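2 protein chains.
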Amino acid sequence: MLSHDARLALPDWVGAEIDATAVYRDDEARMALAVRLSALNVERGTGGPFGAAVFDAQGRLLAVGVNRVVPETSSIAHAEMMAYLLAQKHTGRARLNDGHPGITLAASGQPCCMCYGATFWAGIDTLLIGASSADVMELTDFDEGPLPADWRGELERRGIAVREGVLREAAREVLSRYAAGGGIHY
Amino acid sequence: MLSHDARLALPDWVGAEIDATAVYRDDEARMALAVRLSALNVERGTGGPFGAAVFDAQGRLLAVGVNRVVPETSSIAHAEMMAYLLAQKHTGRARLNDGHPGITLAASGQPCCMCYGATFWAGIDTLLIGASSADVMELTDFDEGPLPADWRGELERRGIAVREGVLREAAREVLSRYAAGGGIHY
Numbered sequence: 022m023l024s025h026d027a028r029l030a031l032p033d034w035v036g037a038e039i040d041a042t043a044v045y046r047d048d049e050a051r052m053a054l055a056v057r058l059s060a061l062n063v064e065r066g067t068g069g070p071f072g073a074a075v076f077d078a079q080g081r082l083l084a085v086g087v088n089r090v091v092p093e094t095s096s097i098a099h100a101e102m103m104a105y106l107l108a109q110k111h112t113g114r115a116r117l118n119d120g121h122p123g124i125t126l127a128a129s130g131q132p133c134c135m136c137y138g139a140t141f142w143a144g145i146d147t148l149l150i151g152a153s154s155a156d157v158m159e160l161t162d163f164d165e166g167p168l169p170a171d172w173r174g175e176l177e178r179r180g181i182a183v184r185e186g187v188l189r190e191a192a193r194e195v196l197s198r199y200a201a202g203g204g205i206h207y
Numbered sequence: 022m023l024s025h026d027a028r029l030a031l032p033d034w035v036g037a038e039i040d041a042t043a044v045y046r047d048d049e050a051r052m053a054l055a056v057r058l059s060a061l062n063v064e065r066g067t068g069g070p071f072g073a074a075v076f077d078a079q080g081r082l083l084a085v086g087v088n089r090v091v092p093e094t095s096s097i098a099h100a101e102m103m104a105y106l107l108a109q110k111h112t113g114r115a116r117l118n119d120g121h122p123g124i125t126l127a128a129s130g131q132p133c134c135m136c137y138g139a140t141f142w143a144g145i146d147t148l149l150i151g152a153s154s155a156d157v158m159e160l161t162d163f164d165e166g167p168l169p170a171d172w173r174g175e176l177e178r179r180g181i182a183v184r185e186g187v188l189r190e191a192a193r194e195v196l197s198r199y200a201a202g203g204g205i206h207y
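Line by line, the protein sequences give chains V and X.
Remember, the working numbering sits 21 above the position in the first sequence when you count from 1.
Remember, the working numbering sits 21 above the position in the second sequence when you count from 1.
Don't take each hint at face value.
[What the hints assert, rightly or not] Calculated pairs, DMTMM-like style, for lysine to aspartate or glutamate (alpha carbon to alpha carbon, straight line, at most 25 Å):
no.: 1; chain 1: X; residue 1: LYS110; chain 2: X; residue 2: ASP164
no.: 2; chain 1: X; residue 1: LYS110; chain 2: X; residue 2: ASP146
no.: 3; chain 1: V; residue 1: LYS110; chain 2: V; residue 2: ASP164
no.: 4; chain 1: X; residue 1: LYS110; chain 2: X; residue 2: ASP48
no.: 5; chain 1: X; residue 1: LYS110; chain 2: V; residue 2: ASP77
no.: 6; chain 1: X; residue 1: LYS110; chain 2: X; residue 2: GLU38
no.: 7; chain 1: V; residue 1: LYS110; chain 2: X; residue 2: ASP164
no.: 8; chain 1: X; residue 1: LYS110; chain 2: V; residue 2: ASP33
no.: 9; chain 1: X; residue 1: LYS110; chain 2: X; residue 2: ASP33
no.: 10; chain 1: V; residue 1: LYS110; chain 2: V; residue 2: ASP77
no.: 11; chain 1: V; residue 1: LYS110; chain 2: X; residue 2: ASP33
no.: 12; chain 1: V; residue 1: LYS110; chain 2: X; residue 2: ASP146
no.: 13; chain 1: X; residue 1: LYS110; chain 2: V; residue 2: ASP26
It is worth saying that the hints were derived from the structure and are not from the lab.
In this text the structure is predicted, and so the values were computed from the model without any measurement.
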């Protein structure tokens, strides 16, 4: 019997910890949420040290994501992918910015090769990055995978603005804490 | 209220059309299934013209996938991603080849930038490609996105063998038929 469908879920603590009605007015507020998600995911032991969140043009939250690879038995369940999946189901738009410009993804760590590729199709206008790929690979054993040489330019030429290093130290701190705790790397 | 989980599903016809117990002994038999899935997905109007299938070392089917972007309202729901997701849930292994070497993915079209990146983490040993990215972009309006310059070498250096052009003409034929039918491009 082949599987016909599968479900991907966030940890149960998300509903209680995240205020779904708050407005996140600037890049730093948006990244602070992504970093907080990464920290909570480590503290609760519910996945890898990565968080992400999707916002509309007004800074309202459309979805959040955390790394769920091991708990969900899915190599797809990175924080950014969870956030895209849930935001698209929530809005009913497979391209989030169809008719709704100004969508932002905040990612506590630079998207790996999979999440990078997914970013072209998800329908976002701005990508905020906390820790860099170099940070991730310096502080943990996570692999970021291969990107095009001009990874940033490829995004920008398709209309996706990129801002790197937003709350970078806070994002790095979570990665260090995870590594110090001997977290599984997946 | 934020979404906490989401489900991704194959079309209902898959169970009746695909023999889950058959053994697919060689690359051509494995690709024939992926191309057949792409053709059925076009005929039934259940998504884009792409199919994929995951096999174990003996050629037994672990999962199939077809493009479900529009029906599932998810830019993640490419054929390869559906196949990885379902194979991992089916086997209970987030890396399919953990303790089970010899996993193959057959993809009727060359993986786009997202599915390419996902291939590094899914745990496959062999990637079979039908139509090339150039074929996809020549015959349809689908965008494949940016890949590293040496995309094939990046896979091979991480232990993933690549065979291109398997049943390429058959795979191209489905893309042409889809384009001639004025299919939505997503």
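Now the hints, each set against the structure:
Between LYS110/X and ASP164/X the alpha-carbon distance is near 29 Å, which puts this suggested pair outside the 25 Å criterion. For the proposed pair LYS110/X and ASP146/X, the alpha carbon gap of about 18 Å is at most 25 Å, so the pair holds. Only pairs whose Cα atoms come within 25 Å are accepted, and LYS110/V paired with ASP164/V is rejected, the gap being roughly 29 Å. For the suggested pair LYS110/X and ASP48/X, the alpha carbons sit about 24 Å apart, so the restraint of at most 25 Å is met.
For the hint pairing LYS110/X with ASP77/V, the CA-to-CA distance comes to about 32 Å; that exceeds 25 Å, so the pair is violated. Taken as a hint, the LYS110/X and GLU38/X pair is honoured in the structure, with Cα atoms around 21 Å apart against an allowance of 25 Å. Under the criterion of a C-alpha separation no larger than 25 Å, the hint pairing LYS110/V with ASP164/X is consistent with the structure, at around 22 Å. As the CA atoms of LYS110/X and ASP33/V are separated by approximately 20 Å, the hinted pair is consistent with the 25 Å bound.
A C-alpha spacing of about 18 Å is found between LYS110/X and ASP33/X, which places the hinted pair at or below 25 Å, so the restraint holds. Using a Cα cut-off of 25 Å, the hinted pair LYS110/V and ASP77/V holds, with the two alpha carbons roughly 14 Å apart. Using a Cα cut-off of 25 Å, the hinted pair LYS110/V and ASP33/X holds, with the two alpha carbons roughly 20 Å apart. Taking the CA atoms of LYS110/V and ASP146/X, the gap is about 32 Å. The hint is violated against a cut of 25 Å.
Distance check on the hinted pair: LYS110/X and ASP26/V sit about 9 Å apart at the alpha-carbon level, within 25 Å; holds.
This entry does not satisfy hints 1, 3, 5, 12, going by the numbered hints stated previously.
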